[in-house]
Amino acid sequence: AQSVAQPEDQVNVAEGNPLTVKCTYSVSGNPYLFWYVQYPNRGLQFLLKYITGDNLVKGSYGFEAEFNKSQTSFHLKKPSALVSDSALYFCAVMRAGRRALTFGSGTRLQVQP
Amino acid sequence: GAVVSQHPSWVICKSGTSVKIECRSLDFQATTMFWYRQFPKQSLMLMATSNEGSKATYEQGVEKDKFLINHASLTLSTLTVTSAHPEDSSFYICSARAWRDPQETQYFGPGTRLLVL
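Each protein sequence line maps, in turn, to chains A and B.
Just so you know, we're using our numbering here: the first sequence kicks off at 1 and counts up by one.
Just so you know, we're using our numbering here: the second sequence kicks off at 1 and counts up by one.
Take these hints with a grain of salt, some might be off.
What the hints assert, rightly or not - Derived Cβ-Cβ restraints for the label pairs, each shown as a range:
hint, chain 1, residue 1, chain 2, residue 2, range
1, A, Glu64, B, Lys14, 45 to 55 Å
2, A, Gly29, B, Gly61, 46 to 56 Å
3, B, Ile12, A, Asp9, 22 to 32 Å
4, B, Ala72, A, Pro18, 25 to 35 Å
Stated by the list, open to error - List of simulated lysine-lysine pairs, DSSO-like, C-alpha gap at most 30 Å:
hint, chain 1, residue 1, chain 2, residue 2
5, A, Lys77, A, Lys49
6, B, Lys20, B, Lys66
7, A, Lys69, A, Lys22
8, A, Lys69, A, Lys49
9, B, Lys20, B, Lys41
10, A, Lys49, B, Lys41
11, B, Lys55, B, Lys66
12, A, Lys77, A, Lys22
13, B, Lys55, A, Lys49
14, B, Lys55, A, Lys58
15, A, Lys58, A, Lys77
16, A, Lys49, A, Lys22
17, B, Lys41, A, Lys77
18, A, Lys22, B, Lys41
To be verified - Here's a subset of chain B near chain A, in silico, CB distances under 7 Å, partners left out:
hint, residue
19, Phe34
20, Ser43
21, Leu44
22, Thr49
23, Glu104
24, Pro110
Please keep in mind that the hints were generated in silico from the structure rather than gathered at the bench.
Glycine included, every Cβ here is placed at the ideal spot set by N, Cα and C.
Kindly generate the complete structure, drawing on both the sequences and the hints.
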C-alpha cells in the first residue's frame, strides 16, 4: 500500500525567508510524486511533479522540490516566501495499478508580512 | 490548458433528495476521472475512479448504489448522490487525467460544496 506523510500541520515563515514543507512517502516500485496547493473553498492546483530524471524539480510560482530516494522524501521548497503563498499544501504519491493519487494530510503554510 | 470545471459549485438540498455533480475537462480528453471527498480540515479521500465507457471502480467503504458515477464521454463524468443525508455534506472534488499523458498528471476541478439539510 502507498502512503504519504506530511509531519507538520502548519508551517509559519516570515515573508522573504525560505520555506520548506516536508513530505515523506512509502510506495512499492518507482514513485510518481506530486505537490498541489489548495486555496480556501477551491480545488487543488498542480504545482510540480517528479516522475524520473533530475532529482530537483522546478514548478509553478517559484516552488521546487527535491526527490531523495534514500530518505524517501520529496520536500517542497521556495527560496523567498510571499504572503500570497499562504495556503494548504498537499503532497501526493501515485498508486500503482489504479493510477489514483494518495494524498498526505496537508500542511498549512502561513507567511507573515 | 488542462482546465477542469465542476457544476454546480455549491448546492443545498433536503434530506432524501438526489444531487448530480458534473465534472468536465474543458480543453483535453480524459479517459479517466477521479472523484474525491474532503471533510473540513482534512485531506482528500478517493471515492472512485471513473473510466470512460465502463463501470466505475469504487474504493472500499464507498457505497456504489449511493454514489452513482457515469463517465459517458471523454470530457464528462457525473457523480449523483442518491437519497442524500446530512452526513453526505462535504466538499466533492473531481480530477481528470489526460488521454495518453505519460506523466500521469491529474488536474483538479474547483470542487462542489454539498450541504444536506
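Here is how each hint holds up against the structure:
| no. | hint | in the structure |
| --- | --- | --- |
| 1 | A:Glu64 <-> B:Lys14: 45 to 55 Å | 48 Å, holds |
| 2 | A:Gly29 <-> B:Gly61: 46 to 56 Å | 25 Å, violated |
| 3 | B:Ile12 <-> A:Asp9: 22 to 32 Å | 30 Å, holds |
| 4 | B:Ala72 <-> A:Pro18: 25 to 35 Å | 47 Å, violated |
| 5 | A:Lys77 <-> A:Lys49 | 13 Å, holds |
| 6 | B:Lys20 <-> B:Lys66 | 12 Å, holds |
| 7 | A:Lys69 <-> A:Lys22 | 14 Å, holds |
| 8 | A:Lys69 <-> A:Lys49 | 15 Å, holds |
| 9 | B:Lys20 <-> B:Lys41 | 24 Å, holds |
| 10 | A:Lys49 <-> B:Lys41 | 24 Å, holds |
| 11 | B:Lys55 <-> B:Lys66 | 15 Å, holds |
| 12 | A:Lys77 <-> A:Lys22 | 9 Å, holds |
| 13 | B:Lys55 <-> A:Lys49 | 29 Å, holds |
| 14 | B:Lys55 <-> A:Lys58 | 37 Å, violated |
| 15 | A:Lys58 <-> A:Lys77 | 10 Å, holds |
| 16 | A:Lys49 <-> A:Lys22 | 15 Å, holds |
| 17 | B:Lys41 <-> A:Lys77 | 23 Å, holds |
| 18 | A:Lys22 <-> B:Lys41 | 18 Å, holds |
| 19 | Phe34 | 6 Å, holds |
| 20 | Ser43 | 5 Å, holds |
| 21 | Leu44 | 5 Å, holds |
| 22 | Thr49 | 6 Å, holds |
| 23 | Glu104 | 6 Å, holds |
| 24 | Pro110 | 4 Å, holds |
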